[in-house]
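There are 2 protein chains.
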Amino acid sequence: MTYCTGILVREGLVMIADTRTNAGLDNVSTYRKLHVFETPGDRILALATAGNLSITQSVVSYLNEGLTNPETGDLETLMDAPTMFRAAQLVGRALHKVRATEGQSLDAAGVKFDVSFLLGGQIRDAAPRLFMIYAAGNFIECGQEMPYLQIGEHKYGKPILDRAVNFNTTLGDALKLGLISMDSTMRSNLGVGLPIDIVTMRRDTQRCEIVHRIEAGEPYFHDLRERWSAALRAAHIAIPPPPYKPVEVDKA
Amino acid sequence: MTYCTGILVREGLVMIADTRTNAGLDNVSTYRKLHVFETPGDRILALATAGNLSITQSVVSYLNEGLTNPETGDLETLMDAPTMFRAAQLVGRALHKVRATEGQSLDAAGVKFDVSFLLGGQIRDAAPRLFMIYAAGNFIECGQEMPYLQIGEHKYGKPILDRAVNFNTTLGDALKLGLISMDSTMRSNLGVGLPIDIVTMRRDTQRCEIVHRIEAGEPYFHDLRERWSAALRAAHIAIPPPPYKPVEVDKA
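If you read the protein sequences in the order shown, they are chains A and B. FYI, the numbering for the first sequence is 9 to 260, going by my numbering. FYI, the numbering for the second sequence is 9 to 260, going by my numbering.
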């Protein structure tokens, strides 16, 4: 399993991904699912991947090697996409390419073409944007009303984002809330686990701000998990007991 | 959608179910999904249902009308099941019966036989038990290490149960935590909604303690939701900001 989230706030963008991959419970490995494409000052893009690793890695390879534009004949990579919209389309085209080459064999082997991506970033002076790209290559974009997207095992970590994140959340708080969301997911699904990769980018800098891998035992994340647990415990203890009256027992 | 949870603690059992049913977003209704079967002093059983309403209602009808035991020829209902295990088996047999009568037509219509049940309760002096029954009629039982089960849209509300519920949780706290779990689900999935039905039973009383429907606007549940939100907000604000250092920008 995988859990990745991207949060796009006024100040910039946070992307968080776990690194656990499994092909059966006895074959658990760590793979990078968060990829950064950067030309500082010009562009910063981050791509998070979920689903079949052979497919997502091939897509990333195509995005690095480039895909031929059918109209112009030019070789295009994420590093020269003119806009974030075109960059999202390029991921879609990479998906089409992988499906065209591998789709039939995967179908024959009963492997589902089940992948999804988050692509966030900023290219030059255009506003930062964040997209979720589906297996068919189509995509949606997150808006200011609900400024986050998730892929993979997303439900456990959704309530905290729903409650706490809005477009005016600071970049630091967005990162903190993303880590709490990751913690909730890790507690309820053993298939999502450390290390966790994080990338943040501050609007209009066109470069990474923080690039960090949280390893097991890291003090800050450990402390965040402990504090969050303790706070939840205190929170439910502080809620008064339910006032509902017992059914009256017939004394007859 | 549906969300139901059952929590089995030392003091007794809590069952909670929402009531929203939909056949498409333009056809949303309220139906009882939590059914109580009680002979005070002898037995108390509660059955929560998720999935296709025509199937779950037929199962409940069979459990009320009785099913013929193929070995003895006797008509059996939940009201005369000798043990909770036999009661769970009876729910399984009711499912087989519905599948035998309706399965082919449902298949032909492309309707999935997609249902699940929670059955909890106590019969006479035997310990209270809680089962989850799958569409095939097979079932699992919850244990003391993880004393709750869920059906329907279960992921949003799982983290709080994972963190806070254990076998020594009081019955009142189990109800409160179940309601917090329901709140998390309702916030993240509009298909789960008020009113909410709750039933509690205290061990060795063999009768309902609380039977209650929480309607929209009820002060206690409204207050619980507000307090929980406020506490979560305070909790994440109290966590220190992430200490990760920005990538050093090359000044060259």
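No wet-lab data here; the hints were simulated from the structure. Just to be clear, a hint being listed does not mean it is correct.
Because identical chains cannot be distinguished in the list, a pair is counted as satisfied if it fits within a single copy or across any two copies.
[Unchecked claim] Taking lysine to any residue and the SDA-like style, the derived pairs with C-alpha atoms no more than 20 angstroms apart in a straight line are:
hint, residue 1, residue 2
1, K253, P203
2, K253, R195
3, K105, E73
4, K105, F229
To see whether the hints hold, each was checked on the structure:
1. Only between protomers do K253 and P203 lie at most 20 angstroms apart by alpha-carbon distance; the minimum there is 18 angstroms, versus 48 angstroms within a single protomer.
2. Neither within a single protomer nor between protomers do K253 and R195 lie at most 20 angstroms apart by alpha-carbon distance, with minima of 35 angstroms and 27 angstroms respectively.
3. In this assembly of identical chains, the alpha carbons of K105 and E73 lie at most 20 angstroms apart only when taken from the same copy (13 angstroms versus 59 angstroms across copies).
4. Proximity of K105 and F229 under a CA criterion of 20 angstroms is satisfied in neither setting, with 39 angstroms inside one chain copy and 52 angstroms between copies.
The structure shown violates the earlier hints numbered 2, 4.
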